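Undergrad: Residue-level listing of the chains:
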Amino acid sequence: MNDKKVLILGATSDVGKALAQVYAEQQFQLVLAARNVKDLEPIKSDLEIRNEAKVEIAEFEATDYSSHPAFIDKVGIPDICICVFGYLGDQTEAENNWDEAKSIMSINYIGAASILEEVAKKMIDKKTGTIVGISSVAGERGRQSNYFYGSSKAGFTAYLSGLRNRLFHKGIHVLTVKPGFIDTKMTAGMDLPKPLTASPLQVAKAIAKAARKKKNTIYVLSMWRLIMYIIKTIPEGIFKKLKL
Amino acid sequence: MKKISGWGNYPLVDAEVNRFDTERELIKLLASDSKTIARGNARSYGDSAIGHNVISSLSHNRMLHFDTNNGVLKCEAGVLFSEILDVIVPKGWFLPVTPGTKFITVGGAIASDVHGKNHHGEGSFSIYLDEFEIACADGSIKTCSRTDEHELFEATCGGMGLTGVILNATFRLKKIESAYIAQKQIKAKNLDEIVELFDEYKSATYSMAWIDCLKGGKSFGRSILICGEHANLEELSESQKRAPLNLKPKKKLNVPFNFPAIALNPLSIKAFNALYYAKNYKRVMEGVIPYEPFFYPLDAINNWNRMYGKNGFVQYQFVLPKEGGKEGLVKILNKIRSKGMGSFLAVLKAFGEQNDLIAFPMEGLTLALDFPVRKGLFEFLNELDAVVLEYGGRIYLTKDARMDARTLAQSYPNFSKWKAIVEKYNPNFKFASTQSDRLNITS
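Protein chains in written order, with the numbering used here: chain X, 1 to 244; chain Y, 1 to 443.
None of these hints come from the bench; they were simulated from the model. Predicted, not measured: the structure shown is a model, and the values here were computed from it. All C-beta atoms, glycine included, are put in the ideal place defined by N, C-alpha and C. No false leads were slipped in.
Between beta-carbon pairs, the in silico distance windows are:
1. Y/Thr-68 to X/Lys-122: 35 to 43 Å
2. X/Asp-191 to Y/Ala-31: 20 to 28 Å
3. X/Ala-70 to Y/His-65: 28 to 36 Å
4. X/Leu-196 to Y/Gln-410: 47 to 55 Å
5. X/Lys-213 to Y/Gly-340: 54 to 62 Å
6. Y/Ala-31 to X/Lys-213: 39 to 47 Å
7. Y/Pro-90 to X/Lys-215: 31 to 39 Å
Derived SDA-like pairs (lysine to any residue); straight-line CA-CA distance at most 20 Å:
8. X/Lys-185 to Y/Met-1
9. X/Lys-38 to Y/Ile-27
10. X/Lys-44 to Y/Val-87
11. Y/Lys-28 to X/Met-190
Covered by chain X, according to a simulated footprint, are these stretches of chain Y (three or more residues, beta-carbon under 8 Å):
12. 13 to 22
13. 76 to 89
Generate the whole structure from the sequences, applying the supplied hints.
TA: Set out below in structure tokens:
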């Protein structure tokens, strides 16, 4: 058994589950956190049976910011902290209902920044650690079809790059992950283009590898780097006329 | 919407596929108006796990409890047999019953009440099933066993998903000393010999035979009987003894694309059969081999179903009762031979008694044949159905993509009793597949 500990925030998501599997196979100790702790129980027993993993579970509420310091005190300082949780929300709903817009922004940006600040503080004391943030290609340019989600992820991406800059000098590494399409239960009904769609396990493996190699920013499928480059270079005058 | 099919790639339907992770998500899916059917890893051959709306169990796949002392496993319905084997074999346990592929889900194993090479002595999967939880049409979740909700239990085993969506199951495993099988292969010159051999070797734990469907004359029905026992430690070689419960992972082959329809023709099948029969150069051959090639020879080739081309194929599996069954088998084999409708892979097996309400197996002989879909095939299979009915046999729903409603109702003696239970728990046919609609079970 490895004595390294990984904390997965948002462990009931498909990518969160895959990450737990990948790190369990590498014999890490796991702390799985999610809003609904009851949903973590079968995941815990599964990892214990399949991988003989050591697993703790904890309740975590992204938007209950004031609970975050106590949460970290309770679960302890991990060697790797992966922030997977996120809320895609519904763009049209958000345009008509501010509560939905606020949820998208407060979970993806404020919630993530709030917990990672606490984690960073503890890691600075320990002078070691790795922080991984799952952001999104949607954060690279605002589009009409999902700009609440996109802007919250843009904020998160900028937060992560700033954090990386700050923590580099303290011996702590920060990795930003921008997966494109992922084949999850959220997208099960969509007919996604196969070459651009990664499986949760593919994403998890890429994250574990990039964290080990201290990469700064990764796209899981390299094709996305090209696609986003093109999307980012379209002049705004043209971009605003597109239906994206 | 995407196109889905069973393992035979026939038929294809446009479907909305929904996955659930938690019980809560499943209940939410069931609250919608659309008819639906549970779908596991889609290894049933025909149209039993397809429809315009399906609920995939593949994300509901956690192992919940493993009693390593008594060999009892509780897991969610989307867990694959292959995943179970990875966990239980190193601990000295094996699946009580397994079909010829390990890429099936636990939910599918129950819905098809799968059988394996040990059916003649040990019955089908449901015998080892202690309990399961199922979500019914009204959104309620019921815990079923032979004593609690026993009616629902019985109608669900082999019930093709028509009673609800199975959430999890608890079943008993079989103790093993090694991951190896002591195998014995015996050649049979013709059909009479193979039928006698099945009788002679009925005390073997596992048995099945490969049969050559295209050979006529004196060698009509020539076969190779393959028997096996879980090997104990003394039977292992020195290198096998070093880690008796651990197999080395093997590289897999892949069929990268659909073969052209012409690839399988009477000539290539005859050539394959001749080679297959000739490779056993002695009448009796013995050896100790890993469990994987013994139980799952085709699992070593990814996407082997593509061998039959883009039009897909139908697996035709029937059973004929012990009494008079051989005569019926001769009739069917003769029809196959005269039409040149040779099957690449034909598997013959002796079954034990029926152990469930709507189970496919009955005491007698079962034959499974693959036929690529082409002009004239369905008319031909209708002819075979008539022979199966004439001799009191029946057809396996898990393989079926084309039988008619009348054949089903006539050949399964408990059909109306089963249908009444299905209607009780699934009154508005919330759960319906392309198959159940075709067979007038839900239409």
